[in-house]
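Please model the entire structure based on the sequences and the hints provided.
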Amino acid sequence: MAKYLLLKHYRGAPNPVNDVPMDQWTPEEISAHLRYMRDYAARLEATGEYVGGDALAPEGTWVRYDGEGRPPVTDGPFAETKDLIAGWMIIDVDSYDRALELAAELSAAPAAGGKPLQEWLELRPLMSAPPTVSE
Amino acid sequence: MTLDATLLRGLTPGVLGILVRRGADFAAAEDAVQDALVEAVRVWPANPPRDPKGWLVTAAWRKFLDATRSEAARRRREDHVEDQPPPGEASSTDDTLQLYFLCAHPSLTPSSAVALTLRAVGGLTTRQIAEAYLVPEPTMAQRISRAKRTVSGVRFDQPGDVATVLRVLYLVFNEGYSGDVDLAAEAIRLTRQLATAIDHPEVSGLLALMLLHHARRASRTTPDGALVPLAEQDRTRWDTAAITEGVAILRAALARDRLGEFQAQAAIAALHADAPTAGETDWPQIVEWYDELVALTDSPVVRLNRAVALGEADGARAGLAALAPLDDTLPRYTAASAYLTERAGDLTAAAALYTEAAGRATSTAERDHLTRQAARLNTRSG
Chain A
472 MAKYLLLKHY RGAPNPVNDV PMDQWTPEEI SAHLRYMRDY AARLEATGEY VGGDALAPEG
532 TWVRYDGEGR PPVTDGPFAE TKDLIAGWMI IDVDSYDRAL ELAAELSAAP AAGGKPLQEW
592 LELRPLMSAP PTVSE
Chain B
410 MTLDATLLRG LTPGVLGILV RRGADFAAAE DAVQDALVEA VRVWPANPPR DPKGWLVTAA
470 WRKFLDATRS EAARRRREDH VEDQPPPGEA SSTDDTLQLY FLCAHPSLTP SSAVALTLRA
530 VGGLTTRQIA EAYLVPEPTM AQRISRAKRT VSGVRFDQPG DVATVLRVLY LVFNEGYSGD
590 VDLAAEAIRL TRQLATAIDH PEVSGLLALM LLHHARRASR TTPDGALVPL AEQDRTRWDT
650 AAITEGVAIL RAALARDRLG EFQAQAAIAA LHADAPTAGE TDWPQIVEWY DELVALTDSP
710 VVRLNRAVAL GEADGARAGL AALAPLDDTL PRYTAASAYL TERAGDLTAA AALYTEAAGR
770 ATSTAERDHL TRQAARLNTR SG
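Protein sequences appear in the order of chains A and B. Counted the way the numbering used here counts, the first sequence spans residues 472 to 606. Counted the way the numbering used here counts, the second sequence spans residues 410 to 791.
Treat the hints with care, since some could be wrong.
[Claimed, not checked] Just so you have them, the derived chain A footprint on chain B, three or more residues with Cβ under 8 Å:
1. 517-526
2. 539-545
3. 573-584
4. 769-776
[Claimed, not checked] Among chain A residues calculated to face chain B with C-beta under 10 Å, some are:
5. K474
6. G519
7. E520
8. Y521
9. V522
10. G523
11. P596
No lab work stands behind these hints: they were computed from the structure. Remember, it's a predicted structure, so these values are computed and weren't measured experimentally. Glycine included, C-beta positions come from ideal geometry on N, C-alpha and C.
Below you can see the structure in the form of structure tokens.
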């Protein structure tokens, strides 16, 4: 019983094995890819392992506090920022191995030529509550 | 009448057991009992029944029959009922026990067993369980219905292994998030109920362990949620009634001379509870109990805890020596190493270890505690 965050990157992850940019796939390949993603989330709901997820717009803004009575300072987006997150999903699973299995399943989404994309996904454990029995 | 929800939920396993013995399949019976509980909450405040359990059985059975689609099926089941002997008191205890076995069946994953136990034995709603484990309600509903399908082929009167039940109850107690439902208190209630259904020293051991840890709950965190280590806890805030009860249950269990993991863990908790101040803790005896635990479980986590206890009994160097051969990727290995290193007097190394341990913590409360320890050493004067 542990929650994990699955992160999909626009940029910053190592290149996928099937490394063809999406704008060079056929429209049917794109549809098949998106359908796989939807079915994947539905499957996780059915197994009782889905907590939440969203896709993120690629363009964001950096914001910081700038002192009492002053408006927040904004900056960016920075084209050179290494890491750009495309979407997230949180799963609640019985083991780390199960989390790996599910991440691999998502990474197998079909891409160019109908072959699995084999993209790299980032898997991060969520902090849990501290256990009651600790000594 | 004020409706005591806990009392109401205490009737759940008995009612469910009766339905199953009357021939209802487990999944449908469980749904029917949930519906009857909802109706009881609505109806009882204005019209309290004279026989609450009888009322629930009648209501749940009606819900079950309503849920069966065709009149033919209904008649067949009603005829079937006439053949059943009326369930007596003795079988109610057996039913409760069978329900624990079913909900902790080895074919279930731990999270499924926990969810099913809380619903079918504990009488909690799917929404309450979902909120307690911070997952959406539809996800928890799916988890529970899959669990029910998984055990649907298991015969209700098949004897189970009490150890699997204890593991599930321990998970509920130990890994619960804090929410609307007090999972630790619920785990204690369910373990207490199990102890009345089966006479087993490890059930007593687990109940004692839970009571002894629960007794310290108020002193374990500050009002803003920061962890307070055992040695720094305000012992006047410990629940002495719960400690007394836990110790008595543990004594009776140990007297039967069938030692198990939970009794040994409870014995350690009892020795902590027994010390008027942290300085008066009987560490040598705690180390002996850890030796028993190592013999029983051969768990690396137990060896780690033993090393810390040894550090208190025989000095930090002895603790570090016991820690050295263990796998340094064990949870809390670095935290234990930091603590013992500080006690051994190497404050600079200890500060670095606390920082490293904070980076490996799996809960924010532990991470923040360890970061504070590092900061305390890094900012010390002189």
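Subject >> Interface restraint verdict for V522 of chain A against chain B (beta-carbon cut-off 10 Å) >> reply: Hint on V522 of chain A: holds, closest Cβ of chain B at ~5 Å, below 10 Å.
**OP:** Three residues minimum, CB to CB under 8 Å: does the segment 517-526 of chain B make the cut for coverage by chain A? Let me know.
**Re:** Answer holds; 6 residues pass the 8 Å Cβ test.
Original post:
Holds or violated: is there a CB of chain B closer than 10 Å to the CB of K474 of chain A?
Top reply: holds, 8 Å
Original post:
Under the criterion of a CB-CB separation shorter than 10 Å, is Y521 of chain A in contact with chain B as hinted?
Top reply: Where the cut-off is 10 Å and the nearest Cβ of chain B is about 5 Å from Y521 of chain A, the hint holds.
**OP:** With chain B as the partner, please determine if G519 of chain A meets the hint condition of a C-beta pair closer than 10 Å.
**Re:** This hint holds: G519 of chain A lies near chain B, its Cβ roughly 3 Å from the closest one there, short of 10 Å.
Original post:
For the hint on P596 of chain A, does the least C-beta distance to chain B fall short of 10 Å?
Top reply: Holds, about 7 Å.
**OP:** Would you settle whether the hint for G523 of chain A is holds or violated, based on the nearest Cβ-Cβ distance to chain B being less than 10 Å?
**Re:** Result: holds, 7 Å to nearest chain B Cβ.
Original post:
Has the segment 573-584 of chain B got at least three residues whose CB is nearer than 8 Å to a CB belonging to chain A?
Top reply: Three-residue rule met by the segment 573-584 of chain B, so holds; n is 4.
**OP:** Using 10 Å as the Cβ threshold, decide whether E520 of chain A counts as touching chain B.
**Re:** Holds, because the Cβ-Cβ distance from E520 of chain A to chain B comes to roughly 7 Å (cut-off 10 Å).
Original post:
Counting residues of the segment 539-545 of chain B whose CB is closer than 8 Å to a CB in chain A, do you get three or more?
Top reply: holds (count 4)
Subject >> Given coverage of the segment 769-776 of chain B by chain A, checked by CB-CB distance under 8 Å (3 or more) >> reply: holds (count 7)
The structure fails none of the hints (numbered hints given earlier).
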